[in-house]
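Those protein sequence lines, which keep their order, are chains A and B.
Here the first sequence stands for residues 1 to 162, where the numbers follow the numbering used here.
Here the second sequence stands for residues 163 to 307, where the numbers follow the numbering used here.
Rather than coming from a laboratory, the hints here were simulated on the basis of the structure.
We treat Cβ as the ideally placed atom computed from N, Cα and C, and that holds for glycine.
Among the hints, erroneous ones may be present.
Below, a list of computed lysine-lysine pairs in the PhoX-like style, where the Cα atoms sit at most 25 Å apart [claimed, not checked]:
id, chain 1, residue 1, chain 2, residue 2
1, A, K156, B, K218
2, A, K156, A, K134
3, A, K156, A, K120
4, A, K38, B, K218
Across the chosen pairs, the derived CB separations fall in these ranges [unchecked claim]:
id, chain 1, residue 1, chain 2, residue 2, range
5, B, K218, A, S146, 13 to 23 Å
6, B, K218, A, G135, 26 to 36 Å
7, A, D37, B, K218, 10 to 20 Å
8, A, P79, B, K218, 29 to 39 Å
9, B, K218, A, A150, 13 to 23 Å
10, B, K218, A, P45, 17 to 27 Å
11, A, E80, B, K218, 35 to 45 Å
12, A, K134, B, K218, 36 to 46 Å
13, B, K218, A, R116, 14 to 24 Å
14, B, K218, A, A133, 34 to 44 Å
15, B, K218, A, L28, 20 to 30 Å
16, B, K218, A, G108, 30 to 40 Å
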Amino acid sequence: MRRTLLILVALAACERSQQAHDDGRFPLPAGFARVQDKDLGSMPPGSYAYTEISRMQPDAFLGSIVVAALGDQRIAINPEFCDATGQGFSRQSGVIVESSLVVTLPRGPACQIQGRAPDKDTIRVEYTVLHPAKGPTWGVTCNYDSRDDAALRACKALLDNR
Amino acid sequence: MADYADDTADKINDGVEIGDIGYTAVEAAGGELGTPAGMVVAAGAGGYALGREFDKATGASDKISDVMPGGQAAKQAWNDAGVSPVTGQAWKDEKTKIDTQQAIQNGSPMSPAQADDERFRLRNQVPQGDDIAAARELVCEPYAK
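Take the sequences, apply the hints, and build the full model.
See below:
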């Protein structure tokens, strides 16, 4: 009886760890590790990042997911905003933007910019501005190797989190 | 909206503090800005830059700090966007930047990375007005010695 109870408690804890934190933070995806805050450089307070624990193969780009806290201010997610954000992002980072779309994610409407690194076709980048119905707005940047299906799945799983 | 964007752009160009530029500019498409500048764009660019830096590491999180002191590339992305990640205020103190660059050309004791850190610190932490002069002194003093 006691053992059953312990197992139930453990299972409940596992389930909780898959859900978003109370502060809206996205949970750690499988195969990724949390980056120490001091290594985030100058990202806004409340931001955090995950990196892949190991490369899929020696010459592959190491995947990363950077979650930037963009504050509570309301942002209108629409095609114009997405296009303009994509253009700005491209200008700012050099990334070759391939698409910018309004999408609906479980947490709410989002603007998704997809592109590739200017110097290497196999490095993919996906930048999502996520505007939940309540809580802060997040800017999620997924960087991954085009051959790395696990990293892409991790990115999508994170964005699909409620 | 366009008037607001023009107004915002003018203020940025004049280097005037306008407060929450990151968010207001996002909504202000058009005008001299031409594109939403500020927090949203800088966050994505910063995240991409950071990702490239993470890639230099071995993959173990305790090794990242060995190759990524301060996240230089991310800092550059924020700097280029002209947005302070600390306060959300836009800074465009070109004179301070030029002073620093000149000091570097004149034989700065700082390494390029240190000088970059200093520029970043100035841009993001220094209040306007008289304090800029004080900060400039702080930056230029080491070169004078």
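Consistency of the hints with the structure:
1. A:K156 <-> B:K218: Within the cut-off at roughly 24 Å; holds.
2. A:K156 <-> A:K134: Within the cut-off at roughly 21 Å; holds.
3. A:K156 <-> A:K120: 22 Å, holds
4. A:K38 <-> B:K218: Distance ~17 Å between A:K38 and B:K218 Cα, so the pair holds.
5. B:K218 <-> A:S146: 13 to 23 Å: 19 Å, holds
6. B:K218 <-> A:G135: 26 to 36 Å: Holds - the Cβ-Cβ distance for B:K218 and A:G135, about 33 Å, lies within 26 to 36 Å.
7. A:D37 <-> B:K218: 10 to 20 Å: Given about 19 Å between the Cβ atoms, the range holds.
8. A:P79 <-> B:K218: 29 to 39 Å: 36 Å, holds
9. B:K218 <-> A:A150: 13 to 23 Å: 20 Å, holds
10. B:K218 <-> A:P45: 17 to 27 Å: Given range 17 to 27 Å: holds, Cβ gap about 25 Å.
11. A:E80 <-> B:K218: 35 to 45 Å: For B:K218 against A:E80, whose Cβ atoms are near 36 Å apart, the range 35 to 45 Å holds.
12. A:K134 <-> B:K218: 36 to 46 Å: 38 Å, holds
13. B:K218 <-> A:R116: 14 to 24 Å: 19 Å, holds
14. B:K218 <-> A:A133: 34 to 44 Å: Hint holds: Cβ distance 38 Å, inside 34 to 44 Å.
15. B:K218 <-> A:L28: 20 to 30 Å: 22 Å, holds
16. B:K218 <-> A:G108: 30 to 40 Å: 34 Å, holds
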